[in-house]
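Asker: Given chain A, work out where chains B and C should sit, using these hints.
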Amino acid sequence: MASIGIPANQAPKLNYLNNGHSLKSWLLTTDHKRIALLYLISVTVFFFLGGFFAMLIRLELLTPQGDLMQADTYNKVFTMHGMIMVFFFLIPVVPAVLGNFLVPLMIGAKDLAFPRINLLSWYLYITGGMIFLHCMLTGGVDTGWTFYTPYSTAGTNTNIVEAGLAIFLAGFSSIFTGLNFIVTIHRMRAPGLTWDRLPLFIWANYATSLVMILGTPVIAITIVLVAVERLFHLGIFDPGLGGDPLLFQHLFWFYSHPAVYIMILPSMGVISELIACFARKRVFGYKFVALSSVAIAVFGFLVWAHHMFVAGISLYAAMIFSFLSFSVGVPSAVKVFNWTATLYKGSISYATPMLYAFGFIGLFTIGGLTGLMLATIGIDVHVTDTYFVVAHFHYVMVGGVLMGYLGGLHFWWPKMTGRMYPEAWAKLSALLVFVGFNLTFFPQFILGYVGMPRRYWQYPPEFQALNVLSTAGASILAVGYLLPMIYFVWSLRYGKIAEANPWSAAGLEWKTTSPPPTFNFDETPVVTWEAYNYDEIPPWERRAPVAR
Amino acid sequence: MSNEHGTSVKTYLIIGATLLVLTVATTLIAFVNLGPFNPVVALTIATIKALLVILFFMHVKGASEKLTGVVVVSGFFFLAILLTLSLSDYLTRSWW
Amino acid sequence: MHDSQATTSQATVQVTTAEHEAHNPALVHQFADAEQQKNAASLGMWLFLVTEIMFFGGMFCAYLIYRLKYFNAFAAGSQSLAIKWGAINTAVLIASSVTVVLAIYAIRFGRKKLTVAFLVVTVLLGFVFLGIKSIEYTDKFREHHVPGANFHFTENFDDNGKQIPVNPNEVQLFFSLYFAMTGMHALHMIIGIGLMSTLAVLTWRGHYSAEYYTPLENAGLYWHLVDIIWIYLFPLLYLISRHT
Chain A
224 MASIGIPANQ APKLNYLNNG HSLKSWLLTT DHKRIALLYL ISVTVFFFLG
274 GFFAMLIRLE LLTPQGDLMQ ADTYNKVFTM HGMIMVFFFL IPVVPAVLGN
324 FLVPLMIGAK DLAFPRINLL SWYLYITGGM IFLHCMLTGG VDTGWTFYTP
374 YSTAGTNTNI VEAGLAIFLA GFSSIFTGLN FIVTIHRMRA PGLTWDRLPL
424 FIWANYATSL VMILGTPVIA ITIVLVAVER LFHLGIFDPG LGGDPLLFQH
474 LFWFYSHPAV YIMILPSMGV ISELIACFAR KRVFGYKFVA LSSVAIAVFG
524 FLVWAHHMFV AGISLYAAMI FSFLSFSVGV PSAVKVFNWT ATLYKGSISY
574 ATPMLYAFGF IGLFTIGGLT GLMLATIGID VHVTDTYFVV AHFHYVMVGG
624 VLMGYLGGLH FWWPKMTGRM YPEAWAKLSA LLVFVGFNLT FFPQFILGYV
674 GMPRRYWQYP PEFQALNVLS TAGASILAVG YLLPMIYFVW SLRYGKIAEA
724 NPWSAAGLEW KTTSPPPTFN FDETPVVTWE AYNYDEIPPW ERRAPVAR
Chain B
15 MSNEHGTSVK TYLIIGATLL VLTVATTLIA FVNLGPFNPV VALTIATIKA
65 LLVILFFMHV KGASEKLTGV VVVSGFFFLA ILLTLSLSDY LTRSWW
Chain C
4 MHDSQATTSQ ATVQVTTAEH EAHNPALVHQ FADAEQQKNA ASLGMWLFLV
54 TEIMFFGGMF CAYLIYRLKY FNAFAAGSQS LAIKWGAINT AVLIASSVTV
104 VLAIYAIRFG RKKLTVAFLV VTVLLGFVFL GIKSIEYTDK FREHHVPGAN
154 FHFTENFDDN GKQIPVNPNE VQLFFSLYFA MTGMHALHMI IGIGLMSTLA
204 VLTWRGHYSA EYYTPLENAG LYWHLVDIIW IYLFPLLYLI SRHT
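Protein chains in written order, with our numbering: chain A, 224 to 771; chain B, 15 to 110; chain C, 4 to 247.
None of these hints come from the bench; they were simulated from the model.
The model shown is predicted, which means the values in this text are computed figures rather than measured ones.
Backbone N, C-alpha and C fix where the C-beta goes; we use that ideal spot for every residue, glycine too.
Any given hint might turn out to be false.
As the list claims (entries may be wrong) - A few chain B positions that, by computed beta-carbon distances, are all more than 12 Å from chain A:
hint, residue
1, Thr-58
2, Ile-59
3, Leu-101
Said to hold, decoys possible - Going by beta-carbon spacing under 10 Å, a handful of chain B positions derived as facing chain C:
hint, residue
4, Thr-21
5, Val-23
6, Leu-27
7, Leu-33
8, Thr-37
9, Val-38
10, Thr-41
11, Asn-47
12, Ala-56
13, Lys-63
14, Phe-70
15, Ser-78
16, Leu-96
Here chain A stands alone, though its shape is the one from the complex (with noise of 0.2 Å):
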């Protein structure tokens, strides 16, 4: 468990960062880590792409008129902010950032099954971010970002084809990634390290990655229908052809609720790491918490009409997808009660990571409850398409993924870069987070109650007083945002050189040096261990995972 005793200011030796400096090096790489890397400068571009369309929300929504702009543009608004978050930040990034990096290092593995189909996938990812930037620029797309028909294939005239594309891409690079997951989780392992043995960011991984290929397939194809629909005029979804516009809806939820499931299981997973070594103890109830990832995506597949109550599917069917998307809150309850109790006489410390891993946990649970009432048809008639539904998903997926991505990027961070970043600077950004963000989204709560419906680029007067609360709390927000990429990126120059365990972290990421070597091990490690063995460590080597 010892860190290996790497001086703190000894000059790194080769490592996978300075293991080639030429453009080609990265570009063509197949090293998993550096592809993390790739794509960790490629989601945050879109992330501040997806940020910049929410400022504008925001911003209009200051005044109930609508003055900032026209309500068309306001449609496109909204939609370029969904479909950029959506596909193109939320769906890739903790697997794609953290999950490419840790895959291989935290099962002991040299790289991915598939390092050049894991290139591809990020090439799979450019190209689809290409693709939707030139839509964007030539117009975008305004059907929100569900492009529900008739309206994107015989009303919209916007670019629904090149937007479809592009998505199109995004998702193929996303099975790609989970393809490569699984077959690395099953055939790559160390010896020794069984499944009940593997960090449980390893088990969520796998169950976003049976996610992924199982569900985006189907998106694949409601795209490549909706292009055909538009391009030659059939009737597939048209309803004066004889079309059903639910039959699209059927097909698109059926991928889009279980992608919800491949942003949070992830973050989840970082959250049961964070939640084991700032309390220094092993995850209660391991064998619960892995399966029920694996509960969650499968669940995940069976409750997607929940999105249609009110679009005129039977009401037998809706009772049905009611009843299963409460069963489906139960493996998440799961996670959050034996999170709870790991904490329960585990060595609290506050460093950053931990720090979003509780506000993970206090979001995470508002967004999930508010997720059941939704699922109660009987309130979800009043509530949907108000703004009650978007506090609920921004509260899982902004309070959710994003702080579950946050907090795992700086813990990761050294063992990326082999430096730390300033813990003072990380601790007022996470709270600068976590008061804007309840700031902006807990009154849309209260104003998606008392009736604001979405996406509507007015409102009446009375609202006004929320929306300014909610813009105020987004300025935090955006500063809470912005922090970390200037801090982050200072330290890759001035921080302080990480050791190669600083957090006094079990894993086997921990055992290699911060940054690691091309090969991740020098020697391929046995594993006899549990996971979280932290009451193995020999007590004149406990300490508290203090940044150092």
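Answerer: Below, chains B and C without anything else, positioned relative to chain A:
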């Protein structure tokens, strides 16, 4: 995951011939009026054919580990979920 | 589960590079041994096939729902398809699956030329399939059954001698799905033909042997799946209410 202890050429040819016979059968049965059972019979024959291809040509039978079978089954299982739960909407719409 | 847990693979990791190369020139660095690599490649291909099942599955879902909703129109559309071509194509694909398994059987015994021969026959059968499909598509084009501006369907649904008029829009839906599903299938056939041709060339050039033929096996899996999809497409599209 391959069947190293070879399926023999003879087995391949027999399976191939069976598949052709089933194709002829399904085509001919289509012309017999079985009422609502026509699609049932057609799909059953198609499934038998698919199973023969999966088990023998794709070497799932005699595969070195159960994982292969699990992967195949889960693919069809989730497709079944898509079809069944979508149908739960369409078939019950008139029950209002 | 048979994964890389055995101590033998740990021992294998510590071998010298010379022995490493003696295993297999195609062994890549992230794998401990050839068997692990082969099993990984195989699992990877199976997972890809699952994505194909779900991909086509979306269209099967659309088909299922509309067939239940517009049975008469779908039956009328189906009755206008040439059952003989569909049946022959099914037989062609089955034969091609046989030639694929025989190609892999041959390479397992190092019979390079025989392998290439079987792969070439597979490719030829693939072209026969596509040729027949283009005949069918041309016929549909001439009969104005291709959805779009020129779509024109006047036949009625023949229900045991009783002629039931059908809504042309609903029949157009049948043909939209017919072209979407068989078109997507044909695209996959083209990719399969490309794969098999490439592998035939590579086999001829000696890239594969009795010790290493993983790409052939995996391409074979792909080919069989494309066959299976057609095995379902044939009855669903061509055999609706033929008894009338």
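Asker: So which of the earlier hints does this model not fit?
Answerer: Violated: hint 3 alone.
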